[in-house]
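K.L.:
Spelled out, the chains give:
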Amino acid sequence: MKKTKLNIIALGIFSLTLFSCSDTFLDVEPQTSILDQNFYKTEADAEMALIGCYDGYQRTSSNGNFAFYVASEVLSDNCFGGTGNTDGRGYQAVDRFDISQSPSDNNLFNGTWADYYAGIFRCNTLLKKMPGITTWTSTDEAVIGATKKRIEGETRFLRALMYFDLVRLFEKVPLLTEPTTNNVPQAEPVETYKLIVEDLKYAAANIPANAYPKAQATTNDGRVTKYAAEALLARVYLFYKGYYGKEDIGVTAAEALTGLEDIITNNEFGLVKDFKALWPAASYVASTTANTLDKTGYAGKGNKEIIFSQKFNNTQDYNGMMDGNRWLVMMGMRNTNWSPYGKGWGACTVNPKLVTAFAEGDTRKPASIIDLVGEGIDSKFDKKDQREYTGYTVKKYTPTCLPDGTSDTGGGNDFQISQDQDFVVIRYADVLLMAAELGSANAAGYYNLVHQRAIPTAPTVAAVTKAEIMAERRFEFAFEGIRYWDLLRQGLGTAATAIAQTQNVLSGTAADVVTITSGNITKTRGFMQIPNTQITLSNGVLKQNDGWK
Amino acid sequence: MSSGLSSLFFTILFLFTSATFAFSQNKVTGAVTSSADGEPLIGVSVHVKGTSKGTTTNYNGVYSIEVNQNQLLEFSYVGHSTKEVLITGQKTVDVVLQETQETLDELVVIGYGVQKKKLNTGATLQIKGDELAKMNTTSPLQALQGKTPGVSITSTSGQPGSDMKVVIRGLGTIGNSGPLYIIDGIQGDISVLNASDIQSIDILKDAASAAIYGAQAANGVVLVTTKQGSKSRSQVSFDAYTGLQNVARTAQMLNAEEYKTMMDEQALNSGSALYKWNTMNDLADTDWVAQMFKKDAKTQNYSTNISGGSEASVYSLSLNYTTQEGIVGGKDVSNYERYGFRVNTEHNLYKNALKVGQHLNFNYIKNTGISVGNQYNNTLRGAFSTSPLAPVLSNNNIYNSPYNDTSNSLWYKGDGNPYASMMTNTNNKNDAQRLAADIYAELEPIKNLKLKSVLGINYYASEYRSFTPLYQFSIYSYNKQHTTTNQSMGKGHTLTWTNTAGYDFTLIQDHAISLLAGMEAVRYQGTSLSASNWNLLSQFNDFAHAYLDNTTGQAHLDEDGNVVETRSVGGRPETLYRRLSYFGRVGYNFKEKYMFNATLRADGSSKFAAGHRWGYFPSVSAGWVLTNEDFMSGMKGLDFLKLRASWGQVGNQDIDDFQYASPINTSTGYTGSNPAAFYNFGTGGTNIAGAYPSRLSNENVKWETSEQTNIGVDARFLRNRLSVNADYYIKTTKDWLVAAPILATAGAGAPFINGGDVKNNGIELALDWNDNIGGFRYNVGVNGAYNKNVVGNIPTEDGIIHGLTNQLFDNAEEFYRAENGHAIGYFWGYETAGIFQNEKDIADWKAAGKGILQADVKPGDVKYVDQDKSGTINSNDKIDLGNGMPSFTLGMNAGIAYKNFDFSVNANGVMGNKLVQSYRNHANKQANYTTAILQRWTGEGTSDRVPRVTETNVNWQFSDLYLQNGDFLRISNITLGYDFAKLIKWNYLSQFRVYGSVQNAFTFTKYDGMDPEIGYGTSGWVSGIDLGYYPRPRTMLIGVNVKF
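The listed protein sequences correspond, in order, to chains W and D. Following numbering that gives the first Met the number 0, the numbering of the first sequence begins with 0 at its first residue and continues without gaps. Following numbering that gives the first Met the number 0, the numbering of the second sequence begins with 0 at its first residue and continues without gaps.
The hints are all genuine.
Coverage of chain D stretches by chain W, computed from C-beta distances (three or more under 8 Å per stretch; other residues unrestricted):
no., segment
1, 470–481
2, 741–749
3, 869–881
4, 941–952
Calculated cross-link-like contacts (lysine to aspartate or glutamate; reagent style EDC-like; alpha-carbon spacing at most 16 Å):
no., chain 1, residue 1, chain 2, residue 2
5, D, K490, D, D430
6, W, K542, D, E796
7, D, K479, W, D413
8, D, K592, D, D638
9, W, K294, D, E558
10, W, K294, W, D273
11, D, K857, D, E838
12, D, K868, D, E830
13, D, K259, D, D284
14, D, K354, D, E443
15, W, K128, W, E42
16, D, K412, W, D381
17, W, K294, D, D557
18, D, K354, D, E310
19, W, K542, D, D797
20, D, K1005, D, D966
21, D, K115, D, D104
22, W, K548, D, D867
23, D, K592, D, D509
24, D, K116, D, D104
25, D, K479, W, D403
26, D, K428, D, D541
27, D, K226, D, E345
28, D, K984, D, E38
Keep in mind that the hints were calculated from the coordinates and are not lab data. The beta-carbon is built from N, C-alpha and C at its ideal position, and this holds for glycine as well.
Based on the provided sequences and hints, a complete structural model is requested.
P.N.:
Below, the structure is given as structure tokens:
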């Protein structure tokens, strides 16, 4: 009996100690997500991570924050802030370079700032992990080397593009070239521009010219090409040289021009015949009887004029698909459907001074601007809810709808998130005009190509001045996120003079005046408010820009 | 009589009624009476000790039983001490049973064991299941309200089946702050238990009591013991109630006339044109808030318990059903239904050397609900914003719905129809099964050495189905493209294996020692599947048929040639989790005069990286029973006095898995908060999957620790009639597990890090008086608790954890935070100093150099206080405006019993908290107002609080204008009952009580919303935010308790 008891006790002790040596019991691995230590190993990983970088750039628009494009238009002399009459006055603060319009809005660009750094983080992570990627589909060292360089080139272009947006919006920004959680102070702009130039030169030199031929645009539109890098490099050069008056960032005018001429002589790109064919809302024709839109006039995504665009899809939802052009809805007419134009939130009402500035017969005017009175929309327009109504809104970028008012977006058909009009970052007309501006031997010819497309009756010119080119750019690129930066690169004074104005408008049917003073513009030097959340999170390491304190 | 009864009750009861008849030679009879009033006791268990023989007394208190010589007869009865009588030939044995107050010899449940209450050295609370059952609530947690000083229990919504927010001794973390629930030894879900199944609930408030649960006990531990059979008596009980629920108070919104006045006035004030009301035909006058509520929503409960046993085995089984309809929208959109089934048994083998037993609790829960979340996910909120000018019903709806569609309204096309939206678009059903079961064996090889092994499983399976029909109620509220059906399922289980060895012995004389050592291993795993598709078959186009098999959606190309997927599918294993623990306890007492306890627990968790996995949680406590000292023996009036002191550490590991590594999002299994990384190259709209690190890693993440010191006193006075319990505690929770905000330049989501602490200190006091004067029994109890909460050392550069934005209205700024030196989740906004009465007032204000927020300030606008005197109003002027957690909580209860009557009242309340009320979306000028706006400023001297109305929200930036005091006292339950058992005089019947009860009878508060008890917050660590809160109903019910 005693023995039995002892046995039972022994059994009890055994059961107590059964697990005691098994710390491995606690080892578990996730089954549906890859951990970073198991990723960045193969070529497929690298290609996926690269798409992740493109997606990071896409999110600067699809996350629904104050997008670079919209800010560029609100800041320019093309547009006012607009939006709903009872909305907050954040857009007015930006439009007027004046935070007293909305004193509590100290985080206007927090989401934007975060979106850009999230994209840059992805690029930095991939670039850092590249040496550790050891499994390649090819065994040929030369092929592997070329693939690596292409992937790096595309990644570095995207990083440069995002830094270029940031440095133009905020001037002094933390410059991170590899992932870090450190509290990094703001870099002098020249340092940021140097990195941008270095990245773009790398991309131009290392992405093979035949990597993504235009002929295969149906599958490769949106890819970074050597030509995109060359075009963006010229834009960077022109802005930096124009605003800062220096040439100390590693690129010369001649280099910039060489790149542009390379694009032009390559002959992959060209101007589409009809200017309005570039823009869905300008080229769609509503058929009321069939409740359809005739889209045959639209040149389509990936047309030959597109050097590089930010791509969008109609698959956005609220459950993790982030592919839509979220700022497009801001540009739509406030609560008003007028097929083919779809409703939106009424931001960026158009300055009448731009409308009157267009030359007689310029086909770009009806292709760029919705004339609410002229097109008979005025009486149906929800003016009671619109702020800073001027009678004109933007046509180049605006939602579209079917004659019955249904959103024309496809996908989930949600006019707020399903918008998929690509944002054309650089098109061929810009390449031509930049080449002309940089003193190409064919400057006048390039100018004529652009100008005579818009005004077929215009005479051919033999020579063209910089002032004429800048004037042409104003009409050619109106509402393409370019005008404001074109103004700034002509000098802060020029920009301030052009943008400062007093304009009578209607806000919620009541008379209202938009007053933009040049003093506010010069005070901010044209740069935007650093998000207060980031300043506090950095405990003051980040410094606010002048004019926004 | 008996046929009358059987028609009242399920015949099934009788099938189970177990009365044991024994045939023997020596018959003993007698009567049992109560010491309190000399009345006969009905249903006293009379049991021959050591046998299975037993009977109960009849309605005259008389019993009759066959007994052998020298056997012991045991008499036991609820609320009375048990008595044993040795049979040595008596034919008649009359017995008087002593009525007991709650005795100090009673056992309380502690971690992995039980202990005599008077030897307990921690701060613990015990509530009997009977007391909870009397409250007739759907959730046992709700019944605990007002009974538990130091444990704050608040509804997060009045929707049936909603969670209760339970916070023990102040919020200790911004993570999960709920306590650990242990049901019969295994972690489980208390909310699905029927109160009639609960024997007792023990709450371990101090760290020393909870430390034996180590890493999971930082927020306290709630131990639930379900009913176990008794070897001395068999009993069948049946409880039922049915009631009607109604809204206790609705919010008052403007009616049509008032609304029109306000719209015109704000247009005038904003320089807009007045409205041409006479051109708008057929404007209605709808009270949307009233429309949302359903009158006389039903609630019902039926439960049957059968228990009994013998020396060899005891058993307890029950079957119950509970249902509660929602007062918002009614049964179709807001409803909760639960079936429960429980079996507990225990068997003695080998002359009590081995005990084996099991617990099994199965629940089947079905519920349906409206959205009760933030402003974008709150069904009720629409009723506050919609103008009264739209009718509920009309024939203008394109989908043949009887409800009005405002898409072509002459007034406002965006108005919508909140009632129609709720009734049409709330199509969801949750259906869950939960099985909590364990089997155990306890071996006692030598006396008082107990080796116990428990294997427990907690299994759940759940299923969800929803349907989005076609509808249109305004230009913003519509679904015109396709219907969608969604089905999802999940299941999972936790296995727990616990092994303990306990040994109690006495060393020399009077030195009682109790030892416990044990280990526990826990493994959780589960999977989930979900899918949705478009377009039900036209024959089956409704919720009843909304199954994926009936959907017709096919992937297709849209007119641009893009692929449109109609199906979406997902399936994943739930997070894996494992834990391994070792623990031990030493208890010592000397003559029950000096007590000492120490525990140590080591926990290893798979949540952390190797090297940071193990946490160690010690505790010590001591007690001194002064009344057992000789020098106290002469103290008159003082029956019992014990001083207690304790210190301990407990942990928290409640974070997402794999925080120590950085997960790569590969565009599969994405969610709204972890979006996919698709990019569509080319022109065909085809998405190509990308990948990115979605979160940064923190290899060093480890346990959060809560350290608590407690000093307490338990005393009994005046012949045990008055009992007093008081506690003082200091609780510091440090190394918080927080996903602290990081600089955006870091580029990805923040991992959990350790940092931040919060100090809670407070006092708790409970007083209870129980007396019996000649059969008139009464009791009065009052309890209160005070807690102060201060945050420190938040591990961010600015020392702040920021709250969410866009919560109160569109584009609303951050309005709550956790910040060093303040309470967790304090409300952060502008202080106001009244209203500018005239132009001079404005000029003076400006002259004094004070800032003004309004760009175009006019008399009638709010004076926001320029705290930093900078001349501008901006975020530097926002201050701590109070917080949503009460500093005082209060509970009161009183009861009277006389003859067959019983009457009780319960109340609970809070003080010192603020409530944020934001019913109106000020970004929408057409949104309706509450009648509070009628007090607005309309001219000099008309108001110094409510600003003039305008079409903008400049006077409605987050300020103290949104805040109200949250103090309330609620009479939560009034019950009057009468027991007919003595009148019925039927042998087997020991209770036949019929009662009526009112729940949520009165609420004394100055809060002008629908319900001041608002546990809802837009984050887990903030409370008291009323965005259109689903109020708790007022319930009138009648019920019956029958015992055989």
